[in-house]
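Mind docking chain B on chain A? Use the hints.
So the protein lines, in turn, are chains A and B.
For what it's worth, the numbering used here labels the leading residue of the first sequence as 1, then goes sequentially.
For what it's worth, the numbering used here labels the leading residue of the second sequence as 1, then goes sequentially.
Rather than coming from a laboratory, the hints here were simulated on the basis of the structure.
Careful: at least some of the hints might be erroneous.
Said to hold, decoys possible - Taking lysine to aspartate or glutamate pairs in the EDC-like style, the calculated list, with each CA pair at most 20 Å apart, reads:
#: 1; chain 1: B; residue 1: K293; chain 2: B; residue 2: D461
#: 2; chain 1: B; residue 1: K282; chain 2: B; residue 2: E92
#: 3; chain 1: B; residue 1: K449; chain 2: B; residue 2: E295
#: 4; chain 1: B; residue 1: K457; chain 2: A; residue 2: E41
#: 5; chain 1: B; residue 1: K449; chain 2: B; residue 2: D461
#: 6; chain 1: B; residue 1: K282; chain 2: B; residue 2: E295
#: 7; chain 1: B; residue 1: K449; chain 2: A; residue 2: D44
#: 8; chain 1: B; residue 1: K449; chain 2: A; residue 2: E41
#: 9; chain 1: B; residue 1: K379; chain 2: B; residue 2: E240
#: 10; chain 1: B; residue 1: K340; chain 2: B; residue 2: D53
#: 11; chain 1: B; residue 1: K457; chain 2: A; residue 2: D44
#: 12; chain 1: B; residue 1: K340; chain 2: B; residue 2: D352
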Amino acid sequence: MTVEPTSAPTTGVPWRHDLVGGLLAAALGAAVVLHVRTFPELPDGQPGPALFPGIVGSLLVLFGLVLVVRGALDRNRVSADPDAGVTVQGRLRALAVLGLVVGYLLLAETLGFALTMGVLLFLLMWLLGVRPLVAVLAAAATTGFILLVFGELLLVPLPQGFLG
Amino acid sequence: MTDLATALGMLADPTLIIVVLASAVYGLFIGAIPGLSATLATALLVPFVFFLDPLPAMAAVITMSAMAIFAGDLPSALVRMPGTPASAAYTEDAYLQTRAGHGARALGVALLGSVIGGIVGAVVLMVAAPLLAEFALQFTSYEYFWVAVLGLTASVVISEGSQVKGAISLLIGLLLATVGIDIALGYARFTFGSTDLLQGISFIPAMIGLFGLSEVLRGVLRPGGPVHVARLRTQGMFRETLHTLRRYWRGVVSGNAIGSVIGALPGAGGDIAAWVSYAATKNASKEGHLFGKGEGHVEPIVSAGSANNAALASAYVPTLVFGIPGDTITAILLGVLLVKGVQPGPELFNTDAPLLYGIYLIFILANLLLIPLGYLAIKGSSWLLRVPTSVLMPVIVAFCVVGSFSINNGYLEIVIMLVLGVLGYLLERSGFPLAPVVLGLVLGPIVEKNFMQSVIKTNWDLSQFLTRPISAVLVALTVLVLVYPLLRGLVRRRSAVDASG
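Just chain A, same shape as in the assembly:
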């Protein structure tokens, strides 16, 4: 089943990833620990809102540093490059996917759901190599399906934009 997240390749990444990941985790933890010091205490001086995030932050610092040390000790290990097979086009495609979401956030209120999603879907499919006619049809069908199911059936107030 499932569950996929646990099946992620959790070994074999280059040691630099452990180094960077560990440092980022430790830095995040340290920032949290510093920030929660400004939180109020319970009336009798007992720890309150700061306690739980404070513990989580401290543990992040600890495990982050452990990961850094283990990465450094294990720097000669043979590992697969997680970026192997990723081309410039691949990166552009991933950016285009994120662009669709950001574009929707920026434009949906003004242009409305149908126009924004329809155009963005077409552009993304076209960028991914779908023939223009197929892309137009697939984008229109998807937008229509969402309008019907979410807009009409589930009564989600999708943005109408200037057309509405």
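Showing chain B alone in chain A's frame:
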């Protein structure tokens, strides 16, 4: 008895039947597309089930996931790519079997093995959940705190690969769970002035991002080339399948047992169950040397194929009894139930017995439905596999966007989905497992709430956490889970020394 009758009456509801059939087709479709997991399918299904009553909502997720896990075997056998990670353990065997002309048998075994596994898992759920629930009725905030801690600990210890990375993933989830109003003083934490964030990180958009968007990002970064789809002859498939299952009945039994136990552990899903079952069968089998080589072997498909579906059902044991999800699918479902006002826990077994009977019956129904629908899917599998991902990926992104929005009709949810999508991709790319993030997000509030309630009512007398009898047992279990990897390492080292000496 009247509860059972009520449950049966609920199953006759036409809405429920339509929901079950539609989610079955959806599950088969998503499961058959390589790279799309049952977790992703659940995350995308949630915006729909969000609008349903609790039983149809659970029916949709249960049916869909049972179908998706089986359907994951189709591309394994036909194009050597697991449809869902749960099929990865025996993909090589299934594909080699197809190449040797035994593809229909391999898929038939996968289908009936899944059905048997699903039904056995459901029986385990029916027997174990009420027993555990009766025991859990004695739990107070102390015990709940420890059960949640035990769940968190187990999710890290069983993380594949580095446990340090599993721990960091878990802490990220716990940290995300602290965003919003705190339980002790009502103080706004990590909201950075945003009133929308006062209610915390919405769980469902977070899941859609972590599993939906991140998977799309992975998919478009490394698109596969055109695939060669093998042909299948399904004549006499069931006869041959039954013969094979009779021959390897031990594999069916061990697969079901392993799947049922592993599924019930928090954070371990069917994919881990499948791997463990594969390894156990290989060790125990006289034909272990055939596994993954030559023509492939059907035995691992028998055992690991039943294990992953058995795990699917038993994951509902801790979910329903303690509110602690057994895998990422039940974690997402738990989020939905909580939003809908259904609080899983031992009281549910007294207060809402018809719902529980309904869930049990749905499991049986879904698995029986898998026989005809799975057969049709095997017949149509070569068509299913030709859906171009360049069309599918943008469509999934559109559903991620609209699905996140529809939970609260807000744009913040889309932003949460986007941020967690990128985070999920980066974490997996660097070898951090995602399951502990989900567990942290779900269990964080439970841990904190029960801890703070306990200490405030006893004026910070911490001894109660250790001296209550059930608490003490749970502490011992947690310690055992923590030291287990160390013990295992020691035993391995000892046996390696013995072998070399």
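Now for the hints, and whether the structure bears them out:
1. Note on B/K293 and B/D461: the hinted pairing is violated, with a Cα-Cα distance of about 60 Å set against a maximum of 20 Å.
2. Our distance criterion of 20 Å between C-alpha atoms is met by B/K282 and B/E92, whose separation comes to about 14 Å.
3. Note on B/K449 and B/E295: the hinted pairing is violated, with a Cα-Cα distance of about 55 Å set against a maximum of 20 Å.
4. Note on B/K457 and A/E41: the hinted pairing holds, with a Cα-Cα distance of about 16 Å set against a maximum of 20 Å.
5. Restraint check for B/K449 and B/D461: the C-alpha separation of about 16 Å stays at or below 20 Å, so the hint holds.
6. For the proposed pair B/K282 and B/E295, the alpha carbon gap of about 16 Å is at most 20 Å, so the pair holds.
7. With a CA separation close to 19 Å, the supplied pair B/K449 and A/D44 stays within the 20 Å bound.
8. Taking the CA atoms of B/K449 and A/E41, the gap is about 16 Å. The hint holds against a cut of 20 Å.
9. Between B/K379 and B/E240 the alpha-carbon distance is near 16 Å, which keeps this suggested pair within the 20 Å criterion.
10. Of the supplied pair hints, the one linking B/K340 and B/D53 holds, its CA atoms being roughly 8 Å apart against a limit of 20 Å.
11. Restraint check for B/K457 and A/D44: the C-alpha separation of about 13 Å stays at or below 20 Å, so the hint holds.
12. Note on B/K340 and B/D352: the hinted pairing holds, with a Cα-Cα distance of about 14 Å set against a maximum of 20 Å.
In summary, the numbered hints that this structure violates are 1, 3.
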